[in-house]
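From first to last, the protein sequence lines stand for chains A and B. Per this note's numbering, the very first residue in the first sequence carries number -16; after that it's consecutive. Per this note's numbering, the very first residue in the second sequence carries number -16; after that it's consecutive.
It should be emphasised that the hints constitute simulated quantities derived from the structure, not laboratory data. Do not take every clue at face value.
Just so you know, same-sequence chains aren't split out, so a pair can sit in one copy or run between any two.
[Said to hold, decoys possible] Only pairs whose alpha carbons sit at most 20 Å apart, straight line, appear in this in silico SDA-like list of lysine to any residue:
hint: 1; residue 1: LYS16; residue 2: ALA53
hint: 2; residue 1: LYS16; residue 2: GLN54
hint: 3; residue 1: LYS60; residue 2: ALA12
hint: 4; residue 1: LYS60; residue 2: PHE88
hint: 5; residue 1: LYS93; residue 2: SER173
hint: 6; residue 1: LYS16; residue 2: PRO68
hint: 7; residue 1: LYS32; residue 2: LEU45
hint: 8; residue 1: LYS100; residue 2: GLY76
hint: 9; residue 1: LYS32; residue 2: GLU159
hint: 10; residue 1: LYS16; residue 2: PHE88
hint: 11; residue 1: LYS93; residue 2: ASN17
hint: 12; residue 1: LYS60; residue 2: PRO110
hint: 13; residue 1: LYS16; residue 2: ALA90
hint: 14; residue 1: LYS60; residue 2: ASN17
hint: 15; residue 1: LYS16; residue 2: ASP56
hint: 16; residue 1: LYS93; residue 2: PRO34
hint: 17; residue 1: LYS93; residue 2: ARG169
hint: 18; residue 1: LYS32; residue 2: ALA47
hint: 19; residue 1: LYS100; residue 2: SER172
hint: 20; residue 1: LYS32; residue 2: PRO68
hint: 21; residue 1: LYS16; residue 2: LYS60
hint: 22; residue 1: LYS100; residue 2: SER87
The structure displayed is predicted, hence computed values, not measured ones.
Below, each chain spelled out in residue letters.
Protein chains: 2
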Amino acid sequence: MRSASGGPGSESAASGCSLLVERAASALAHEAKNPLHNMALHLQLVSEKLPGDAARGVDRHLQAMRDGIAQVDALLKAFADLAAPANLVPDLGQALTRALLLFSFEARRKSVELTRKGPAEVRVAAPGEAVLEIVCNAVLAGIALAREGRLTLAIEPDGQRVRLEVIADGGVPRREETLPHLEAVRRLSSVAAAEPSIDVEGAGPARLSLSFAHTR
Amino acid sequence: MRSASGGPGSESAASGCSLLVERAASALAHEAKNPLHNMALHLQLVSEKLPGDAARGVDRHLQAMRDGIAQVDALLKAFADLAAPANLVPDLGQALTRALLLFSFEARRKSVELTRKGPAEVRVAAPGEAVLEIVCNAVLAGIALAREGRLTLAIEPDGQRVRLEVIADGGVPRREETLPHLEAVRRLSSVAAAEPSIDVEGAGPARLSLSFAHTR
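Start from the sequences, fold in the hints, and give me the full structure.
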C-alpha cells in the first residue's frame, strides 16, 4: 500500500519523485530530533543558570520557547506517523489531532472555519495506520466541501461503536477535489473495519460519517 | 511529474497514500514557520532583557538555541523544496547541500562515511527542480553503493561544464537498491540537460558522474 514500507521492488513502482519525498519524509523527524532535543537542553540550562530575578524577568519567553519546541516536535511526529508509520495506536481521537496538525494550513488556505468536538482519545478496533489514513482523507474531503464555510469534525461514541462525523456547511463546495479522498475513504473502510456513510450531493450540509468498532 | 503540483485529475492518479504524504509535506514548512519564528523572537527578547552579567553567563546556550532554530528551519526548507518546489534556483552546489540535509540520516543508518568536495554554489543551465531531483537520486544511489564504506561527493568545474562526481568505495554495495535511483537519474538527465556516466558494475569503486552546462 505504501512504497516506503516495502522493499526496493515496491519502491520502483512509485514515481521517482514520490519515492524521494517518502524517503526524505521518513528521515525528517529523525534529522530534526537532535536539534530540537539540544534546544530543550540548552533552554533548561538557561533557566537553571540564571539568578532568580533575571529568570523571573524572562520566564514568559523561556516558556514560549518550550511551547515552540513542543509544537514543532508534535508536527514532525504527526508527519512521520503518516509518512513512515510504525506501530501506530489505533485511536480515532489521536488520528484526528494529527490530521488537524497536518492539514489546518490547508483549511486556512481555503478559508475554512474548523470546529472540533468530542473526546481527544478513543481506541478503535482497527490497524492504527489505516485509521490515520482514513481520517486524513476524511478531513481533506471535508475541507474541500467546506471551502469558505464551516467544517465540524465530531467524534461521537455510539454504544459499541464510535462515529467520526464530518459536516461541511455554508461554503462553496469543490466536489471534484473530494473525489480522490472519498475514493480512499471507501477503499480504506474495509481495512479499518469502518462503515462509511457519505452524503455530499444534496443541497443541505455535506456529511461524511465513519463508524468504527470500539476496542473491547 | 509530481501529483502535488497538478490539479485534482493528476492527484487521483497517485496512490491515496502518496497523495496524503505530498499534501502534508507541502504544508509542513508553513506550519512550522510560525513556531520557529516565534522562538527566534522570544530568544531575541531574552538576550535584550537580561542584565549584562546574566546574559554573558548564558550566552553560549542562547547561541546554541539560535543554531538549533536555523538547523530545523534549513531542514524544513530543504524538504519543502523537494516536496513542493517553487522557483528553485538551478544550483548544483545548493542542490547537493539540500540532498545532504535530507539524506545524511540515510547515510548514518547505512554506516556510510560522507565526504563533500568542491564549491558550495554553482549555477547550471537547467530547471532547478530537475537539478534537485537528479542530485537527490544520485546521492541515494551513492549511499546504497557505499554501504558500510566511503562516499565522496565532489563538484568539479570543467570548462563550460561542471560535474557532480559520486564515488563509492570500500563498502558492501547494494546494487538492487540503486535501481530506482539510477533509472530516475537517466530519466531526469534529459530534463536537466545533464550527461550521465554510470559505472557501478566493476570490481573497483562505483562511480556516477553527471555533467551539467554552466550558466553563461
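Hint-by-hint comparison with the structure:
For the homomeric pair LYS16 and ALA53, the shortest alpha-carbon distances inside one copy (11 Å) and between copies (14 Å) are both at most 20 Å. For a Cα distance limit of 20 Å, the shortest separation of LYS16 from GLN54 qualifies both inside one copy, at 13 Å, and across copies, at 11 Å. Taking the shortest alpha-carbon separations for LYS60 and ALA12, both the intra-copy value of 6 Å and the inter-copy value of 14 Å come in at or below 20 Å. In the homo-oligomer, the alpha carbons of LYS60 and PHE88 lie at most 20 Å apart both inside one protomer (16 Å) and across protomers (16 Å), since each shortest distance falls under that limit.
For a Cα distance limit of 20 Å, the shortest separation of LYS93 from SER173 qualifies neither inside one copy, at 30 Å, nor across copies, at 37 Å. In this assembly of identical chains, LYS16 and PRO68 lie within 20 Å of each other by CA distance solely inside one copy; the values are 17 Å within and 24 Å between copies. When the C-alpha separation of LYS32 and LEU45 is checked against a cutoff of 20 Å, the pair qualifies both within a copy, at 13 Å, and between copies, at 12 Å. Proximity of LYS100 and GLY76 under a CA criterion of 20 Å is satisfied intra-copy only: 10 Å inside one chain copy versus 49 Å between copies.
Taking the shortest alpha-carbon separations for LYS32 and GLU159, neither the intra-copy value of 57 Å nor the inter-copy value of 53 Å comes in at or below 20 Å. With identical chains, the CA atoms of LYS16 and PHE88 are at most 20 Å apart between copies only, with a shortest distance of 11 Å across copies and 23 Å within one. For the homomeric pair LYS93 and ASN17, the shortest alpha-carbon distance between copies (18 Å) is at most 20 Å, but the shortest distance inside one copy (34 Å) is not. In this assembly of identical chains, LYS60 and PRO110 lie within 20 Å of each other by CA distance solely inside one copy; the values are 18 Å within and 32 Å between copies.
Proximity of LYS16 and ALA90 under a CA criterion of 20 Å is satisfied inter-copy only: 16 Å between copies versus 27 Å inside one chain copy. Proximity of LYS60 to ASN17 under the C-alpha cut-off of 20 Å is found in both arrangements, the shortest distances being 13 Å within a copy and 17 Å between copies. In the homo-oligomer, the alpha carbons of LYS16 and ASP56 lie at most 20 Å apart both inside one protomer (8 Å) and across protomers (13 Å), since each shortest distance falls under that limit. In this homomeric assembly, LYS93 and PRO34 never come within 20 Å of each other (Cα to Cα): the closest approach is 48 Å inside a single copy and 46 Å across copies.
In this assembly of identical chains, LYS93 and ARG169 lie within 20 Å of each other by CA distance neither inside one copy nor across copies; the values are 24 Å within and 38 Å between. Taking the closest pair of Cα atoms, LYS32 and ALA47 come within 20 Å of each other both inside a single copy (18 Å) and across two copies (15 Å). In this assembly of identical chains, the alpha carbons of LYS100 and SER172 never lie at most 20 Å apart, being 22 Å within a copy and 51 Å across copies at closest. Taking the shortest Cα distances, LYS32 and PRO68 never come within 20 Å of each other, neither inside one copy (39 Å) nor across copies (43 Å).
Within a single copy, LYS16 and LYS60 get their C-alpha atoms as close as 10 Å, and across copies as close as 16 Å, so both meet the 20 Å cut-off. Only within a single protomer do LYS100 and SER87 lie at most 20 Å apart by alpha-carbon distance; the minimum there is 15 Å, versus 41 Å between protomers.
Of the numbered hints given earlier, the model fails hints 5, 9, 16, 17, 19 and 20; all others are met.
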